[in-house]
Structures are given as C-alpha cells and as structure tokens.
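Novice: Residues per chain, in single letters:
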Amino acid sequence: MKIYFDSLKRLYISNKINADQLQIAVTKGWITIEEVNEILNN
Amino acid sequence: MIYITGTGTGITFNEANYPLDIEPNIFAKRRTMLGEQREVLRLTLLGTYADVAAVFVDNAQFGREVDEPILDDNGQPTDITQTVHYDLSEYSKAGDIIDHRDGRITVYMGKPTEKELLEQAFDQMLLNILEV
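Chains as they are written, first to last, in my numbering: chain A, 1107 to 1148; chain B, 87 to 218.
Don't read these hints as lab results, they were simulated from the structure. For clarity, every value in this text was computed on a predicted model and none was experimentally measured. A few of these clues could be false.
To be verified - Here are the simulated EDC-like pairs of lysine to aspartate or glutamate, each with C-alpha atoms no more than 16 Å apart in a straight line:
id, chain 1, residue 1, chain 2, residue 2
1, A, K1108, B, D209
2, A, K1122, A, D1112
3, A, K1122, B, E122
4, A, K1115, A, D1126
5, A, K1108, A, E1140
6, A, K1122, B, E205
7, A, K1134, B, E217
8, B, K201, A, D1112
9, A, K1115, B, E205
10, A, K1108, B, E205
11, A, K1115, B, E125
12, B, K115, B, E125
13, B, K179, B, E122
14, A, K1115, B, E202
15, B, K201, B, D137
16, A, K1108, A, D1126
17, A, K1122, B, D209
18, A, K1115, A, E1144
19, A, K1115, A, E1141
20, B, K201, B, E125
Unchecked claim - Pair by pair, the computed Cβ-Cβ distance ranges are:
id, chain 1, residue 1, chain 2, residue 2, range
21, A, N1147, B, Q210, 22 to 28 Å
22, A, K1122, B, D137, 25 to 31 Å
23, B, E109, A, I1109, 53 to 59 Å
24, A, I1109, B, T164, 54 to 60 Å
25, B, T134, A, K1134, 45 to 51 Å
26, A, K1122, B, T118, 24 to 30 Å
27, A, D1126, B, T134, 28 to 34 Å
28, A, V1132, B, E109, 48 to 54 Å
Claimed, not checked - Examples of chain A residues lying across from chain B (beta carbon under 8 Å, computed):
id, residue
29, I1109
30, S1113
31, L1114
32, K1115
33, K1122
34, I1123
35, Q1127
36, I1130
37, A1131
38, V1132
Don't be surprised by glycine CBs; every beta carbon is placed ideally from N, CA and C.
Work out the full structure: start from the sequences and follow the hints.
Specialist: Written as structure tokens, this is what we have:
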C-alpha cells in the first residue's frame, strides 16, 4: 500500500532504517521487493 | 532552548524592526510554506545569516522572552514588570531566511500540517515495529 511505501521511503531517506529493515517490511507484507528496489535506487 | 531577546543557552538574538513599519517584528499568519498552507511565524532579528541558519532548523527549540507589566487587583498594568517566556517550538518547520543587508535577518518557521503530523505518527509506529 502506498501509505507504507511512502513512510518507509521517508524513514530510509532520513537514515532511520536500513536495507535489512526494508526486507523485514517485505516479510510483513507492507511493501513488495520491487518497491524496496525503488527505494534503494532513488 | 534559545530565547529571542533573552537569556537562553547559546546565541542570543534581539528583535529588529521588520522593513514594513506597519507590521510587527514577530508575526504569525497562515500562508504557503514548503508547499503547504500552514501557520507560519515570521521573525525579524538582529544577527548574522550564519547564526540564524544554524539555530532556526527543523525542530528547533526556541521561544520569546518578554518583560510584561504585572497587573494590579483591578486588572490594570502596574509599573512593575515580570519576565515571561513563550515557547514557540511548535513552529518546528524551518523555512526561508531573508538577509536585509543591514544586520537584520528575517526567518520563517512553520507549524506542521495535520497531514504531516499523521505521517510522523505513522512513521514512528513503523519504526517502533522495525526496531524490535
């Protein structure tokens, strides 16, 4: 869902979470692998 | 905590007159800042651009120190004053800084919008879960 994606993107950009925590977000069903890659590549 | 015209820790700033005589030195109104309509505080101070830029950042802890007359039993002001501190830290979003080139600097600080407050709360909730 976009609300999770937007939030995780903000947290990643502000260095509050790392790539490993984005993977945890995938296991929770908050975002997809494609969205993780989008966050990491921006 | 930095107090304008006061004795807070660190740098001390004094108020200065805004270039328009009809408007006060410190003035709050609703306007567009950072792409959103929000309550914005405009502060005109004596200081350097570098000092103002260093202090008035996002989530800055700042306020205003004012000497106000003590009221008598009838609610009328007396000649005796007391120092009152007003916390303005709720204006936590740093905006533009204008250097008037005469020692006066105007800085804008805005309150977060309801949408931003909800985003902050949601971010914090996800962060708490991910940090467990």
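Novice: Confirm or reject each hint.
Specialist: Hints, verified against the model:
1. K1108(A) x D209(B): Given that 16 Å is the threshold and the Cα spacing comes to 13 Å, the pair holds.
2. K1122(A) x D1112(A): holds (14 Å)
3. K1122(A) x E122(B): violated (24 Å)
4. K1115(A) x D1126(A): At roughly 13 Å apart (the allowed maximum being 16 Å), D1126(A) and K1115(A) satisfy the hint.
5. K1108(A) x E1140(A): holds (13 Å)
6. K1122(A) x E205(B): holds (15 Å)
7. K1134(A) x E217(B): At roughly 14 Å apart (the allowed maximum being 16 Å), E217(B) and K1134(A) satisfy the hint.
8. K201(B) x D1112(A): holds (13 Å)
9. K1115(A) x E205(B): Given pair K1115(A), E205(B) holds - Cα atoms ~12 Å apart, limit 16 Å.
10. K1108(A) x E205(B): OK: K1108(A) and E205(B) at ~12 Å, within 16 Å.
11. K1115(A) x E125(B): violated (26 Å)
12. K115(B) x E125(B): Judged against 16 Å, a Cα distance of about 6 Å means the pair holds.
13. K179(B) x E122(B): holds (11 Å)
14. K1115(A) x E202(B): Satisfied, since the Cα-Cα distance of roughly 15 Å is no more than 16 Å.
15. K201(B) x D137(B): Between K201(B) and D137(B) the Cα gap is close to 31 Å, so the pair fails against 16 Å, i.e. violated.
16. K1108(A) x D1126(A): Given that 16 Å is the threshold and the Cα spacing comes to 20 Å, the pair is violated.
17. K1122(A) x D209(B): Holds, at about 10 Å.
18. K1115(A) x E1144(A): holds (9 Å)
19. K1115(A) x E1141(A): It holds: about 9 Å lies between the C-alpha atoms, which stays within 16 Å.
20. K201(B) x E125(B): Roughly 14 Å between the alpha carbons, so the hint for K201(B) and E125(B) holds.
21. N1147(A) x Q210(B): 22 to 28 Å: For Q210(B) against N1147(A), whose Cβ atoms are near 26 Å apart, the range 22 to 28 Å holds.
22. K1122(A) x D137(B): 25 to 31 Å: Holds, at about 29 Å.
23. E109(B) x I1109(A): 53 to 59 Å: Violated - the Cβ-Cβ distance for E109(B) and I1109(A), about 40 Å, lies outside 53 to 59 Å.
24. I1109(A) x T164(B): 54 to 60 Å: holds (55 Å)
25. T134(B) x K1134(A): 45 to 51 Å: holds (48 Å)
26. K1122(A) x T118(B): 24 to 30 Å: holds (28 Å)
27. D1126(A) x T134(B): 28 to 34 Å: violated (43 Å)
28. V1132(A) x E109(B): 48 to 54 Å: holds (52 Å)
29. I1109: Check passed: Cβ of I1109(A) comes within 7 Å of chain B, closer than 8 Å.
30. S1113: holds (5 Å)
31. L1114: At about 7 Å, which falls below the 8 Å cut-off, the nearest Cβ of chain B leaves the hint on L1114(A) intact, so it holds.
32. K1115: It is violated, given that the least Cβ distance between K1115(A) and chain B is near 10 Å, above 8 Å.
33. K1122: Hint holds; K1122(A) Cβ to chain B Cβ min 6 Å, cut 8 Å.
34. I1123: holds (6 Å)
35. Q1127: For Q1127(A), the interface hint holds, since the closest Cβ of chain B sits about 5 Å away, which is under 8 Å.
36. I1130: holds (6 Å)
37. A1131: Holds, because the Cβ-Cβ distance from A1131(A) to chain B comes to roughly 7 Å (cut-off 8 Å).
38. V1132: The hint is violated - V1132(A) has no Cβ within 8 Å of chain B, the shortest such distance being about 12 Å.
The structure shown violates the earlier hints numbered 3, 11, 15, 16, 23, 27, 32, 38.
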